[in-house]
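Visitor: Heads up: the sequence lines are chains A and B, in that order.
In case it helps, the numbering used here puts the first sequence at residues 1 to 329.
In case it helps, the numbering used here puts the second sequence at residues 1 to 243.
Rather than coming from a laboratory, the hints here were simulated on the basis of the structure.
All values derive from a computational prediction rather than experimental measurement.
Take the hints with a grain of salt, since some may be wrong.
[Claimed, not checked] With a straight-line Cα cutoff of 25 Å, these simulated DMTMM-like cross-link-like pairs (lysine to aspartate or glutamate) come out: (1) B:K132 / A:D232; (2) B:K111 / A:D153; (3) B:K185 / B:D66; (4) A:K4 / A:E192; (5) B:K111 / A:E75; (6) B:K111 / A:D232; (7) B:K111 / B:D66.
[To be verified] Calculated from the model, a selection of chain A residues having no Cβ within reach of chain B, i.e. all distances over 12 Å: (8) A10; (9) A32; (10) V56; (11) F111; (12) F132; (13) S137; (14) A187; (15) L193; (16) A194; (17) V200; (18) P201; (19) L203; (20) A274; (21) L284; (22) V292.
All C-beta atoms, glycine included, are put in the ideal place defined by N, C-alpha and C.
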Amino acid sequence: MRGKHFLLAAVAVAALVFGAARLVNNGYVFFAGYVVLQYVVLATAWNILGGYTGYVNFGTAGFFALAAYTTVALEKLTPLPLPVVMLAGGLVSGLLGLGMGYLTLRLRGAFFSIATLAMAVVAQTFMVNWSFVGGSSGAFAIRPPRTALFGIDYIQYLFLLMLGLAVLVIVVARLIERSRLGDGFAAIRDDELAAEASGVPTLRLKLLATALSGAFMGMAGAPLPYYVTYLDPPSAFSLAYAANTIAMPLIGGTASWPGPLVGALLIATMQQVATVTISSAVNLLIVGLMLVAFVIAAPYGIIGWFGIGRPDRRRGRKRAVPKLRERDA
Amino acid sequence: MASSLTIEGVSAGYGAVRVLEDVSVSVGAGQTVALLGTNGNGKSTLMKCVMGMVRPFAGRITAEIDGTRHELVGRSTEAIVDLGIAFVPEGRRLFPRLTVTENLMLGAFRKTARAAIARNLDFCFETFPRLKERRGQLAGSMSGGEQQMLALGRALMSAPRILLIDEPSVGLAPVLVRRTIDKIKELKDGFQLTVLMAEQNFTQAIRIADRGYVIVHGQIAFEGGSAEELNNNELIRKFYLGL
């Protein structure tokens, strides 16, 4: 499918989703759907860095919450329309990604991951001590009942924005996969030294990946204050965001855009159902158990069952499994 | 017009560890120069210095490419590849989960190389017919010899003038070592390349080398102007061949 057709199809699917949600005629659908869509964005954004270049980022909560706090700060300074605020949040988190990448991308494997985790802790400490945005006691964001334009119910508006963002991030991820940029990312993932020797500008591409990934995570986090109406550091920087965002692409499959999409839809929906029927406390347990199950049952994720992104089944043909073990270890 | 490479007084290492001490090597236009030495003597580090992957503490590295001189120290690896210097890393280092064609295409990632991508791909397939047969196959699933051919092909995709090859014989059966070395000679003649090759396999390397350097503990222990000179050298017989 060509880029334009894919975009049209994605928008059509999004329109169907929104129409279906309105048909249910129950406000809670939008509350729950918002969280699911938010995870679609986070998982797809994470996968741009984690899946395509192979750098595992544990700092999702940092990017996500920093943008949420950008919203709080902007609200205190000057009232702006939410889409603009989301762009601002994306910019701030994108810059954080760029800076973090510059400082940490010389590290590889687990060392990079630890550095990203530390970054989130540093950002949280910073917010706890910044009284302008509420400090440790948190900040309130007043959610208007309806939007100024068209008078749409505000939660539907938030849902719609997140839906649009999900379409955008998926289209961008797919574009990357099919471009030379995606080839460069794959080369970095497979063998960074060889990529460098082939003339792939590895540092520049990795910085681009961290900045893009961070920016989308930020855009997903920016509406959060209006969704929760009360934002405090422990909940905004919750480790659950990082854990979920890593688990979803791994369960869905990291090789291609449908992976994080499927993973996020599955896990986030299960979590929403569990929150209502059992308790929100089981959410992380669900992720943990699913991750264990899927590592065994689907080492290439759910999309691997359909032959997408499996090295031994590429382009539908059966091939011998390459010996990757020595280098992967 | 052929190209040459000059390394003058390079000292380099990793952190506090000094690996190379005042190393000077020159590769004349159209020559094949062998860098000989056993493991851990600094051959790979020297190659990485040329490619901008390791920054030397001291010394100069200059390349003359088609009549223009370029200082290499301080340039990024991708800029050095852009100038026309290609590198085949030790142990081949292919992208195992990508296909043969994808591996080759990544060798032409630079803008300058992309201009001639179709011609270079044809040339690669012509030189290595086996790669053409296996173009849709994953690089990681090929035999060692085929992988070495692919690594060479990938380096050629950037249409280089100077080719650096780090230990082409590593992990290959003796018959394949001979074939690989022959192929390097063939490529060098066909492309009019200037080649710097690090190798442990003295007897094979010396078959195609015009000149050679023996590197011991990060210093040039001997410089041989011809294959015979190297063969008859006392140092080599003692340190290297253990005679």
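Visitor: Could you run down the list of hints and mark each one as holding or not?
Guide: Right, here's what the structure says about each hint:
1. Annotation: proposed proximity of K132 (chain B) to D232 (chain A) is violated, straight-line Cα distance about 60 Å (limit 25 Å).
2. With a C-alpha separation of about 51 Å, the suggested pairing of K111 (chain B) with D153 (chain A) is violated against the 25 Å cut-off.
3. Taking the CA atoms of K185 (chain B) and D66 (chain B), the gap is near 21 Å; set against the 25 Å cutoff, the hint holds.
4. Taken as a hint, the K4 (chain A) and E192 (chain A) pair is broken in the structure, with Cα atoms around 32 Å apart against an allowance of 25 Å.
5. Proposed proximity of K111 (chain B) and E75 (chain A) is contradicted: the alpha carbons are some 45 Å apart, above 25 Å.
6. Of the supplied pair hints, the one linking K111 (chain B) and D232 (chain A) is violated, its CA atoms being roughly 48 Å apart against a limit of 25 Å.
7. Proximity of K111 (chain B) to D66 (chain B) is assessed by CA-CA distance (about 19 Å); at most 25 Å being required, the pair is judged to hold.
8. The Cβ of A10 (chain A) lies farther than 12 Å from every Cβ of chain B, with a closest approach of about 26 Å, so its non-interface assignment holds.
9. Under the 12 Å C-beta cut-off, the non-interface status given to A32 (chain A) relative to chain B holds; the minimum distance is some 37 Å.
10. V56 (chain A), annotated as away from the interface, keeps every beta carbon of chain B farther than 12 Å; the closest lies near 17 Å.
11. No Cβ of chain B approaches the Cβ of F111 (chain A) within 12 Å, the least distance being about 16 Å, so the stated non-interface status holds.
12. No beta-carbon of chain B is positioned within 12 Å of the beta-carbon of F132 (chain A); the least distance is around 41 Å.
13. Distance to chain B confirms S137 (chain A) as a non-interface residue, since its nearest Cβ pair spans about 46 Å, more than 12 Å.
14. A Cβ of chain B approaches the Cβ of A187 (chain A) within 12 Å, the least distance being about 5 Å, so the stated non-interface status is violated.
15. At roughly 6 Å from the closest C-beta of chain B, the C-beta of L193 (chain A) falls inside 12 Å, breaking its exclusion from the interface.
16. Not every beta carbon of chain B lies more than 12 Å from that of A194 (chain A), the smallest distance being close to 4 Å; the non-interface claim is violated.
17. In this structure V200 (chain A) is not separated from chain B by more than 12 Å, as the shortest Cβ-Cβ distance comes to only about 5 Å.
18. With a closest Cβ-Cβ approach of about 4 Å to chain B, P201 (chain A) is found to fall inside the 12 Å limit, against its non-interface label.
19. Annotated as non-interface, L203 (chain A) brings its C-beta within 12 Å of a C-beta of chain B; the closest such distance is 8 Å.
20. Consistency note on A274 (chain A): stated as away from chain B, and its beta-carbon is indeed over 12 Å from all of that chain's, at 36 Å minimum.
21. The non-interface label for L284 (chain A) is consistent with chain B: the shortest C-beta to C-beta separation is roughly 31 Å, beyond 12 Å.
22. At roughly 25 Å from the closest C-beta of chain B, the C-beta of V292 (chain A) stays outside 12 Å, upholding its exclusion from the interface.
Checked against the numbered hints listed earlier, the structure breaks hints 1, 2, 4, 5, 6, 14, 15, 16, 17, 18 and 19; every other hint is satisfied.
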